[in-house]
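K.L.:
Okay, here's what each chain looks like letter by letter:
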Amino acid sequence: MEAVQETISAKPIVEIIPEPVESKVLSGSEALLDALLIEGVDIIFGYPGGAIMPIYDALFDYKEKLNHILVRHEQGGIHAGQGYARTSGKVGVVFATSGPGATNLVTGLADAQIDSTPLVCITGQVFAHLLGTDAFQETDVINITTPVTKWNYQVTDANEIPEVIAKAFYIARSGRPGPVLVDITKNAQIQKFDYKGYTPCKHIRSYRPKPIVRPKYLQEAAELINQAKKPFVIWGQGVILGSAEQEFKAFIEKSGIPSAWTILGAGAIPTDHPLSVGMLGMHGNYGPNVLTNECDVLIAIGMRFDDRVTGRLDKYAKQAKVIHLDIDPAEIDKNVKTTVPVWGDCKETLPMLTALVEEKTHTEWLAKFTEYMRQEVAEVIQNELNPTTAELTMGEVIRELNELTHGEAVIVSDVGQHQMVACRYAKLNKTRSNITSGGLGTMGFALPAAIGAKFGALDRPVVAIIGDGGFQMTLQELGTIMQTGIDVKIIILNNRFLGMVRQWQELFNQRRYSFVDIESPDFVKLASAYGIAGKMVDDRKNLAGALKEMMENKGAFVLEVMVTKENNVFPMVPQGCSVSEIRLK
Amino acid sequence: MSNQDTEKQEFNITVYTENQIGLLNRIAIIFTRRKINIDSLNTSPSEIESIHRFNIVITESEDVVRKLCRQIEKQVEVLKAYYHTNEDVIWQELALYKVSTEVIAEKVSVERLLRENGARAVVIRKDYTVFETTGHREETDNLINILQPFGLIEFVRSARVAIIKDSEGFNAKIREFERLEPGEDVIENEFLNDGDKVFTM
Numbered sequence: 002m003e004a005v006q007e008t009i010s011a012k013p014i015v016e017i018i019p020e021p022v023e024s025k026v027l028s029g030s031e032a033l034l035d036a037l038l039i040e041g042v043d044i045i046f047g048y049p050g051g052a053i054m055p056i057y058d059a060l061f062d063y064k065e066k067l068n069h070i071l072v073r074h075e076q077g078g079i080h081a082g083q084g085y086a087r088t089s090g091k092v093g094v095v096f097a098t099s100g101p102g103a104t105n106l107v108t109g110l111a112d113a114q115i116d117s118t119p120l121v122c123i124t125g126q127v128f129a130h131l132l133g134t135d136a137f138q139e140t141d142v143i144n145i146t147t148p149v150t151k152w153n154y155q156v157t158d159a160n161e162i163p164e165v166i167a168k169a170f171y172i173a174r175s176g177r178p179g180p181v182l183v184d185i186t187k188n189a190q191i192q193k194f195d196y197k198g199y200t201p202c203k204h205i206r207s208y209r210p211k212p213i214v215r216p217k218y219l220q221e222a223a224e225l226i227n228q229a230k231k232p233f234v235i236w237g238q239g240v241i242l243g244s245a246e247q248e249f250k251a252f253i254e255k256s257g258i259p260s261a262w263t264i265l266g267a268g269a270i271p272t273d274h275p276l277s278v279g280m281l282g283m284h285g286n287y288g289p290n291v292l293t294n295e296c297d298v299l300i301a302i303g304m305r306f307d308d309r310v311t312g313r314l315d316k317y318a319k320q321a322k323v324i325h326l327d328i329d330p331a332e333i334d335k336n337v338k339t340t341v342p343v344w345g346d347c348k349e350t351l352p353m354l355t356a357l358v359e360e361k362t363h364t365e366w367l368a369k370f371t372e373y374m375r376q377e378v379a380e381v382i383q384n385e386l387n388p389t390t391a392e393l394t395m396g397e398v399i400r401e402l403n404e405l406t407h408g409e410a411v412i413v414s415d416v417g418q419h420q421m422v423a424c425r426y427a428k429l430n431k432t433r434s435n436i437t438s439g440g441l442g443t444m445g446f447a448l449p450a451a452i453g454a455k456f457g458a459l460d461r462p463v464v465a466i467i468g469d470g471g472f473q474m475t476l477q478e479l480g481t482i483m484q485t486g487i488d489v490k491i492i493i494l495n496n497r498f499l500g501m502v503r504q505w506q507e508l509f510n511q512r513r514y515s516f517v518d519i520e521s522p523d524f525v526k527l528a529s530a531y532g533i534a535g536k537m538v539d540d541r542k543n544l545a546g547a548l549k550e551m552m553e554n555k556g557a558f559v560l561e562v563m564v565t566k567e568n569n570v571f572p573m574v575p576q577g578c579s580v581s582e583i584r585l586k
Numbered sequence: 008m009s010n011q012d013t014e015k016q017e018f019n020i021t022v023y024t025e026n027q028i029g030l031l032n033r034i035a036i037i038f039t040r041r042k043i044n045i046d047s048l049n050t051s052p053s054e055i056e057s058i059h060r061f062n063i064v065i066t067e068s069e070d071v072v073r074k075l076c077r078q079i080e081k082q083v084e085v086l087k088a089y090y091h092t093n094e095d096v097i098w099q100e101l102a103l104y105k106v107s108t109e110v111i112a113e114k115v116s117v118e119r120l121l122r123e124n125g126a127r128a129v130v131i132r133k134d135y136t137v138f139e140t141t142g143h144r145e146e147t148d149n150l151i152n153i154l155q156p157f158g159l160i161e162f163v164r165s166a167r168v169a170i171i172k173d174s175e176g177f178n179a180k181i182r183e184f185e186r187l188e189p190g191e192d193v194i195e196n197e198f199l200n201d202g203d204k205v206f207t208m
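Chains A and B are the protein sequences, given in the same order. Quick note: the first sequence uses our numbering, first residue 2, plus one each step. Quick note: the second sequence uses our numbering, first residue 8, plus one each step.
Check the hints yourself; a few may be wrong.
[As the list claims (entries may be wrong)] When the alpha-carbon atoms are kept at most 16 angstroms apart in a straight line, the in silico EDC-like pairs for lysine to aspartate or glutamate are as follows:
(1) Lys338(A) with Asp308(A)
(2) Lys549(A) with Asp488(A)
(3) Lys74(B) with Asp334(A)
(4) Lys74(B) with Asp488(A)
[To be verified] To give an idea of the chain A side of the interface with chain B (calculated C-beta under 7 angstroms), a few residues:
(5) Ile143
(6) Pro148
(7) Tyr208
Hints were generated in silico from the structure; no laboratory data involved. C-beta: ideal position from N, C-alpha, C; glycine also.
Next up, chain A with everything else stripped away, as it sits in the complex:
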């Protein structure tokens, strides 16, 4: 007791400022850029406009230290920021002006919020005295973005900037990461103030980013695991966000538990790891879905039981005891009732759990997954990857690509059939290799995200895999590629349809193909107009060569591959069905 009191009293009630910091007069804009530098930011994706001009003016003097990428649309900017954050593990920084600039960020914010991507977005705002007057390019950005940000704040006085930016970075990257938006009125950007330096934020009284780990629950979890005959691990992006890949691998290798990934968890361990049994969810692998309803202990690690993973909830893993490891207490019991909740950062909880579990192998149980995989290969995968039909399939493109990347590339996919194919078949050796819009399913994500992904992983090849529909949603970002010369490989899998919707219309709407027939421009010519090399392939014999040419090309490359028009992605858990009702055809 006394010792405790001592430590408390030893703590000064008011923190003594160590040295009288030399204050200097800065503008709000300069203070902002100073803060970014101290936070380790070296790249900004942005687009200028009236209300953010003072910041851009200050940026002119910082251009040696802060690389600003001029995108072609603010949505492209924020997706690039997301791609950057996802490959680099750092906070993505995005600039946009007020009004339309800010509203164009909304899709990306929602995407980053649902996929837990750390971002700090800075938006310009009209002068404080004009707020609420329907001024030119004034929009209530704070209220528009509240539901899609982890935190947001409007700055109207430059004195607030250092503290608010420090909070913004702390909130964006700590705990379960997410997007933060700071709206800065033009007067605050211009205002000169007494700048006393920048102190990174380490604590907010009302904010507990990491729940305390409770050993009691870890012990309960370990007991369940040690008694389990058919344990099954399902992991998500939490493993990657927590940089717990090694800890995760150690855990499954010691416990010998078959493990399947959610779309955002892909690549946390190499896809060919012997305990990695495949992908979960609507278009995941056969075994992981069926056996979810046969396992006796289900261990969910850093994943949130999205409806695309669980299918029908009242028929999901009802036979199993559920252990859920998550950093976000709100995820526990949200969708699936947990037997043992293990709150905490899995970087901390996994090693503790590994220490408690017995070293085991589950040979027979693992063989079940292999058996289901054998069936899936025979019924689906063989035809997809090595088709005997004349027309090309999406799967064989990914297979050929794997031959060239050897799993070392970052794969950025858009949304739709090609996304499912890419995530199912891409070989991934390294973590932070699978960049896709998981939760929000944002078509148009991939092209700008690939640009950001490349800036976040300059030493790795980055391949964007995009459908003909999604590509046309953000193709203006070819301009960004042109201007920056960034080396992004782009594969357009063109089936001349909005394929996923068409697949559903075929299967569930009696082939009433309602507005899914989409025409495209000549993508190669389009790329050429931007000075980007390109090629179109519609014949199997040219595929490997074209892919090789793309990968070896110095600089960006657009490869359009004409694929079968009416291919369906299987297996599939139809909506409203249980995971064990997964269809192979």
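Once you've looked at the hints, dock chain B against the given chain A.
P.N.:
Just chain B now, with coordinates in the frame of chain A:
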């Protein structure tokens, strides 16, 4: 899931927050997003400087309320969110009634009725008198009905405020947040260290 978990009833949600612009909206949209109506909402400064207390009343099942509280507590500027049934709290609403002074002066019975209903005069002017009463919804409603025949001029009722019966240590807990402000220590989340009390596992 037990019946108690899924049956709808009135719940009192108590939220301690930072005093920050926009937070009301951040909390309100947690309900509106799920198409849940807020029956009553009161927000005012708490006993701790710069910490506000929300009292929110909704009619929902415990299962839903529990999840809502976790979503509320997830907000950066929220310190704590608790939920309680009506049996777990002592609650009151304040009501003001404006009636013509002339009518009251003439009809003694009005004053008697007011006394009987625990109302007291706040302002007495030549032209009107304002009475005040506190109580549950039925009680304040009751007085409306009583005063209606005597020419009720205006009526207003506050949102509900509720004190939690089993709230030992609340004040200390909230103070702890303040004390720890400059430090970096991670203190436990109420959901985590008091799991049995706050919800069942």
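K.L.:
Now, for every hint given, state plainly whether the structure supports it.
P.N.:
Consistency of the hints with the structure:
Taking the CA atoms of Lys338(A) and Asp308(A), the gap is about 14 angstroms. The hint holds against a cut of 16 angstroms. Restraint check: the Cα-Cα separation between Lys549(A) and Asp488(A) comes to about 15 angstroms, which is no more than 16 angstroms; the hinted pair holds. At roughly 8 angstroms between alpha-carbon atoms, Lys74(B) and Asp334(A) fall within 16 angstroms of each other, so this suggested pair holds. About 45 angstroms separates the Cα atoms of Lys74(B) and Asp488(A), which puts this hinted pair outside 16 angstroms; it is violated.
For the restraint placing Ile143(A) at the interface with chain B, the shortest Cβ-Cβ distance is roughly 6 angstroms, inside the 7 angstroms limit, so the hint holds. Annotation: Pro148(A) was flagged as interfacial toward chain B, and the flag holds, the nearest CB pair being 5 angstroms apart, inside 7 angstroms. A hinted interface residue such as Tyr208(A) counts as satisfied when its beta carbon comes closer than 7 angstroms to some beta carbon of chain B; here the least separation is about 5 angstroms, so the hint holds.
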